[in-house]
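Trainee: Residues per chain are reported as follows:
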Amino acid sequence: MKSYRKELWFNVNKRRELINITADVHACLMESGIKEGILLCNAMHISASVFINDDESGLHQDFEVWLEKLAPEKPYEQYMHNGYEDNADAHLKRTIMGREVVVAVSNGKLDFGPWEQIFYGEFDGKRKKRVLVKIIGE
Amino acid sequence: MKSYRKELWFNVNKRRELINITADVHACLMESGIKEGILLCNAMHISASVFINDDESGLHQDFEVWLEKLAPEKPYEQYMHNGYEDNADAHLKRTIMGREVVVAVSNGKLDFGPWEQIFYGEFDGKRKKRVLVKIIGE
Amino acid sequence: MKSYRKELWFNVNKRRELINITADVHACLMESGIKEGILLCNAMHISASVFINDDESGLHQDFEVWLEKLAPEKPYEQYMHNGYEDNADAHLKRTIMGREVVVAVSNGKLDFGPWEQIFYGEFDGKRKKRVLVKIIGE
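Chains as they are written, first to last, in our numbering: chain A, 1171 to 1308; chain B, 1171 to 1308; chain C, 1171 to 1308.
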């Protein structure tokens, strides 16, 4: 069994942003030389997400509006967590979007349907944060 | 290390439906011959879901009502994505329900608690769509 | 390839509680002797969750309030599932929080960012329930 590990670093200028990282994850898979196995890609921070969806800008605006409806940023004092910080909403938004994705590796490729793309979801940016890519297989 | 891959195809008549696929996934595991490992089962489409919950029809009606409350289908024009399509709500519903499940394979079986069942969640049907089953182990 | 399996049992006195199980999962990893691989940790019950977030008591109160807003326990008769039971809300809350986490094992450790901690989320307690830890690797 082979295994591979890499960290991808981000420094998003805004509080929230969705970034397509499919090419970065694909590059990890190429570097690993693994042809058959499983790839895990997860946010290493609890106020960020890794998820799979469509790379369509309208949909990304819909995610922003929808997440603000389900877990609004403000008023900050609605959350107990914000006695320490102002990012409680980011923890909730990341919970909706998910921490991680697990992707099949088949024949040396990310085994995806036609529209599947991997995104880093930043919900509390303006600082350096990272994603882990771990691959096991042969 | 052994690996196994199979696609399961669906063509749901309605826009939304929850289908118990536990027996299909179990058949994949039998076919693979893998006794110890990890099984990944994921929707290959970004408007569908694979999730684990209870096979109880009342609960499934509750999911329908609940998802319509959190991410309503209509009015279509509330979503930016629907300039192109009418299925933005399906992307959001699938986000709540999840893209994938990862299941332990132990002693040649799906290593489940007493009520765990795997479902395909279709949120934008009336066309052919598929699920991936990937198993690695020995 | 090595594989390891263990069940962790819980008997929570209240209906809902979040329990940090990171030390228990770490003990499983030590016992397994696996240095490189993948760890799956999942609730074996469909009214409970395993998730990764911050171990901060204010945030945990925020989760309680937020989940009650998105999927309220009462009135019980709002859910079809509650013809049989009174725990439909627990199925929905667990759906938001997630069934499972997949964690990289690197150099014999849980490969975590600085604040990542694993929690058991009980949403229908007052009885014995369990979590599965499965590890594969070398």
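FYI, nobody ran anything at the bench for these hints, they're computed from the structure. Where hints are given, some of them may not hold.
No copy is singled out in the list; a pair is fine if it fits within one copy or between any two copies.
Claimed, not checked - Cut-off 30 Å, straight-line C-alpha distance, at most; resulting in silico cross-link-like pairs (DSS-like, lysine-lysine): (1) 1296 with 1279; (2) 1279 with 1184; (3) 1239 with 1205; (4) 1244 with 1298; (5) 1184 with 1205; (6) 1184 with 1298; (7) 1172 with 1205; (8) 1239 with 1176; (9) 1205 with 1299; (10) 1296 with 1184; (11) 1176 with 1279; (12) 1176 with 1205; (13) 1176 with 1296.
Trainee: Run every hint past the structure and note whether it holds.
Mentor: Hints versus structure:
no. : hint           : verdict
1   : 1296 with 1279 : between (33 Å within a copy, 29 Å between copies)
2   : 1279 with 1184 : neither (32 Å within a copy, 33 Å between copies)
3   : 1239 with 1205 : neither (42 Å within a copy, 42 Å between copies)
4   : 1244 with 1298 : within (23 Å within a copy, 39 Å between copies)
5   : 1184 with 1205 : neither (37 Å within a copy, 37 Å between copies)
6   : 1184 with 1298 : within (12 Å within a copy, 39 Å between copies)
7   : 1172 with 1205 : both (10 Å within a copy, 12 Å between copies)
8   : 1239 with 1176 : neither (34 Å within a copy, 38 Å between copies)
9   : 1205 with 1299 : both (29 Å within a copy, 25 Å between copies)
10  : 1296 with 1184 : within (6 Å within a copy, 39 Å between copies)
11  : 1176 with 1279 : both (17 Å within a copy, 15 Å between copies)
12  : 1176 with 1205 : both (17 Å within a copy, 16 Å between copies)
13  : 1176 with 1296 : within (22 Å within a copy, 40 Å between copies)
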